[in-house]
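Chains X and H are the protein sequences, given in the same order. If you want my numbering, it's the 1-based position in the first sequence plus 914. If you want my numbering, it's the 1-based position in the second sequence plus 914.
Since the hints were derived computationally from the structure, they do not count as laboratory data. Bear in mind that the values here come from a model prediction, so they are computed numbers and not experimental data. Using N, Cα and C, we set each Cβ at its ideal position, and we do this for glycine too. It is possible that part of the hints are untrue.
[Claimed, not checked] Computed far set for chain X versus chain H, every beta-carbon distance over 10 Å: (1) LEU919; (2) SER922; (3) GLU933; (4) ALA949; (5) ARG954; (6) GLY987; (7) GLU994; (8) LEU1013; (9) LEU1016; (10) GLN1037.
[Claimed, not checked] Non-contacting residues of chain H with respect to chain X, defined by C-beta distances greater than 10 Å in every case (computed): (11) LEU919; (12) ILE939; (13) ALA949; (14) ASN963; (15) HIS965; (16) ARG975; (17) GLY978; (18) TYR979; (19) GLU994; (20) GLU1005; (21) GLU1012; (22) HIS1020; (23) SER1026; (24) PHE1030; (25) ALA1035; (26) GLN1037.
[Claimed, not checked] Cut-off 20 Å, straight-line C-alpha distance, at most; resulting in silico cross-link-like pairs (EDC-like, lysine to aspartate or glutamate): (27) H:LYS969 - X:GLU924; (28) H:LYS1031 - X:GLU1005; (29) X:LYS969 - X:GLU933; (30) H:LYS1031 - X:GLU948.
Number of protein chains: 2
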Amino acid sequence: MIIRLEQSSEQPLYLQIREQVIAAIATGELAVGEALPSVRSLACDLSINLHTVNKAYAVLRDEGYLLMRGRSGAFVADPESHTMQGRGAVEDARMAQELYALALAHRARGGSETEFKDAAAQQAVRAFSE
Amino acid sequence: MIIRLEQSSEQPLYLQIREQVIAAIATGELAVGEALPSVRSLACDLSINLHTVNKAYAVLRDEGYLLMRGRSGAFVADPESHTMQGRGAVEDARMAQELYALALAHRARGGSETEFKDAAAQQAVRAFSE
DNA sequence: GTGTATTTGTTCGTATGTATT
DNA sequence: TAATACATACGAACAAATACA
């Protein structure tokens, strides 16, 4: 798994890691059950502190994307697992809220309902094509 | 314009204000050219500091939703105005990025492309129906 | 016009929490 | 754990604009 960080970005490093891990899971680059690099090794690869990687992993665990088994490391969680269904529902609700806020902002900028639907569909195609 | 803040929310107060002002502009509750309450009066209504309201207004100005004319107050900007077209384009690009990230996260949770499109369409209908 | 009081956004400093090393 | 840098939110004081007698 290759992660690229932008130190000058406004987005915190741990959120950049989170986003790219999610992208890797989505595209299948990281398979269900697969182990992620250790906090230490990834931090070393990225030339950042291990606390920062640890925070990213902790957030991903809280959101249901990862399972962390103490010293044996972090693994990609199975979305079908019963223990994860609840968290997936919470994230789906958060997604709906986000989509609503984006649609409202688009309307406030003078955009149309169709424009928003088209933009969403376009990004969906992008995200699901490999 | 009625704004409700949740002090215990994880979301900063100034972003809660931003979101609700955008919603008011989107639904037409705030018309183009209309004046917003002064930072002081709104801060007093909400029982928060004027700096927090001022920051919310400043962000909305930077994003192109408001025009601020010194001490004469803040006004709803016209999205059709040529000076605002550029900012609208920037926000549209940011929206596309956001949609892409949401779609990827949905896929990582085991969701389908159609599910995402449907969710987006549903929230679009919600946002554009009054 | 003049003087005063009120209202406005801005500038300064401070306290607390978060991000990162 | 400790230390640094930034973000969030607050309070006091300021100077420009406005209202009004």
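Consistency of the no-contact label for ASN963 (chain H), given chain X and a CB cut of 10 Å: holds, 24 Å
Check on GLY987 (chain X) being off the interface with chain H, judged by Cβ distance over 10 Å: holds, 19 Å
Cβ separation check - HIS965 (chain H) to all of chain X, threshold 10 Å: holds, 21 Å
GLU994 (chain H) remote from chain X - nearest C-beta pair above 10 Å: The claim is violated: GLU994 (chain H) sits with its nearest Cβ about 6 Å from chain X, within 10 Å.
With d taken as the least Cβ-Cβ distance between ARG975 (chain H) and chain X, does d exceed 10 Å? ARG975 (chain H) clear of chain X: closest Cβ-Cβ about 14 Å, beyond 10 Å.
Given as non-interface: GLN1037 (chain H), which should sit over 10 Å from chain X by C-beta: Per Cβ check, GLN1037 (chain H) is inside 10 Å of chain X; nearest 4 Å; violated.
Please check whether the beta-carbon of LEU919 (chain H) is more than 10 Å away from every beta-carbon in chain X. holds, 16 Å
Given as non-interface: LEU919 (chain X), which should sit over 10 Å from chain H by C-beta: holds, 16 Å
Once the closest CB in chain H is found, is it more than 10 Å from ARG954 (chain X)? Consistent with the label, ARG954 (chain X) stays out of reach of chain H, its closest Cβ about 24 Å off (over 10 Å).
Beyond 10 Å from every Cβ of chain X: is that where the Cβ of TYR979 (chain H) lies? Label violated. Min Cβ-Cβ 6 Å, cutoff 10 Å.
Status of LEU1013 (chain X), Cβ more than 10 Å from any chain H Cβ: Per Cβ check, LEU1013 (chain X) is inside 10 Å of chain H; nearest 4 Å; violated.
Least C-beta distance from GLU1012 (chain H) to chain X larger than 10 Å: Nearest chain X Cβ is 6 Å from GLU1012 (chain H), so the label is violated.
Hints 3, 7, 8, 9, 10, 12, 17, 18, 19, 20, 21, 22, 23, 24, 25, 26 and 30, counting from the list given before, are not met by this structure.
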